[in-house]
Amino acid sequence: MKTEYHSIRRCTLVLLAAVTLLLSGCSENGADAVVYNKNCASCHGRDGQGLRALYPPLPESDYLDKRISELPCLISGGIRGTIVTGNKTKNIRMPAFANLTSEEMSTLINYLQHRWGKGGATVSEQTVAQWLRSCP
Amino acid sequence: MLQNFRTPSCACIITLHLSVLILLFVVQGCNQSTREPLPILITVEVPYTFTDQDNSPVDQEMFAEKIYVADFFFTSCPTICPIMKTQMLRVYEKYKDDQRVVLLSHTIDPEHDTVEVLSDYGTRLGIEADRWHLVTGNKEEIYNTARLYGLAAMEDKNAPGGFIHSGSFTLVDRQGRIRGYYRGTEEEAVDRLIDDIAWLLNED
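As you go down the protein sequences, you meet chains H and C in turn.
Mind the numbering: the first sequence is residues 316 to 451 in this note's numbering, read in order.
Mind the numbering: the second sequence is residues 11 to 214 in this note's numbering, read in order.
Wrong hints could be hidden among the right ones.
Covered by chain H, according to a simulated footprint, are these stretches of chain C (three or more residues, beta-carbon under 8 Å) [stated by the list, open to error]: (1) 93-99; (2) 133-144.
Under the rule of at most 20 Å between Cα atoms (straight-line distance), these lysine to aspartate or glutamate pairs were calculated in the EDC-like manner [to be verified]: (3) Lys353(H) x Glu196(C); (4) Lys149(C) x Asp107(C); (5) Lys353(H) x Glu126(C); (6) Lys405(H) x Glu126(C).
Since the hints were made in silico from the structure, they are not lab data.
Just so it is clear, the structure is predicted and the values come from calculations on it, not from any experiment.
Even for Gly, the Cβ is constructed at its ideal location relative to N, Cα and C.
From just these sequences and the hints, can you work out the full model?
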């Protein structure tokens with residue numbers, strides 16, 4: 316009887332671990348990742364690792380967290396020249412993604428922030444639209 | 011008596027190990043000898059001279075007696091090129107110290123991809139021009155070259171970045187013969203390319 320109880324308990328624990336593992340993978344491969352995978356992953360990589368000095372890695376970008384409000388304009392307008400992130404100056408060329416809607420942009424910003432930033436509050440579509448209107 | 015039977019002797023264990031080793035050796039030998047040779051496809055003769063990121067002329071004579079991998083890309087390509095370059099970088103890292111192997115990437119956007127742009131691109135990628143040539147030149151000649159390799163490259167205003175091109179890597183042997191095409195966006199295909207280069211290096 317005791318053995319049976321232990322066996323059921325062990326099975327439950329294994330199932331819970333599997334469900335947790337599956338759910339943790341959702342933010343990387345689920346709906347939130349679609350905009351990123353379609354527009355960004357070919358250069359920055361599925362895991363945001365970048366490619367040498369050609370495409371910068373995302374986890375070390377201070378556009379996440381500190382300068383998140385600048386990010387929609389940067390993505391929408393692209394970059395051609397130097398940008399300063401942290402204490403580094405980088406010469407970057409990134410195409411403009413002006414065709415992204417504010418809904419797609421907010422989905423993307425939240426995905427970037429939650430995956431490689433420190434989390435932070437979810438940014439609404441309205442906030443992103445407001446940031447985009449004030450692009451230089 | 012029973013004890014002796016259950017505990018195998020030292021000589022018996024050594025014999026068993028030796029047998030397994032011999033068996034593995036024989037199986038490995040069989041695998042090597044039964045590998046299908048790479049097909050011999052068309053012979054490529056490129057009559058043009060291009061210019062690489064070091065501003066040096068590059069023509070096919072430089073690749074005589076060398077195994078090389080050719081592809082087509084452009085530096086501002088927002089779709090498959092970054093993935094292709096990530097994969098080509100794996101081939102570069104594997105063979106950069108082997109003078110018998112060279113990589114050759116042609117830009118299909120020579121108006122934008124000048125020698126300066128390619129030099130900057132190569133520097134960022136951390137590659138040496140004599141091991142991996144990024145070449146630019148006359149647009150029509152580059153597009154004709156793509157056709158000679160059996161690959162597609164064309165302008166298309168509706169395509170992302172303004173161009174359409176094949177994502178394949180072409181493997182060319184020391185006699186200028188194409189020996190295989192590999193999807194430059196697929197890690198497994200590039201694994202096969204790396205293996206096939208090793209095989210070609212040992213071909214008589």
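> Can you give the numbers of the hints that this structure goes against, from lowest to highest?
Replying inline: Those not satisfied are hints 4, 5.
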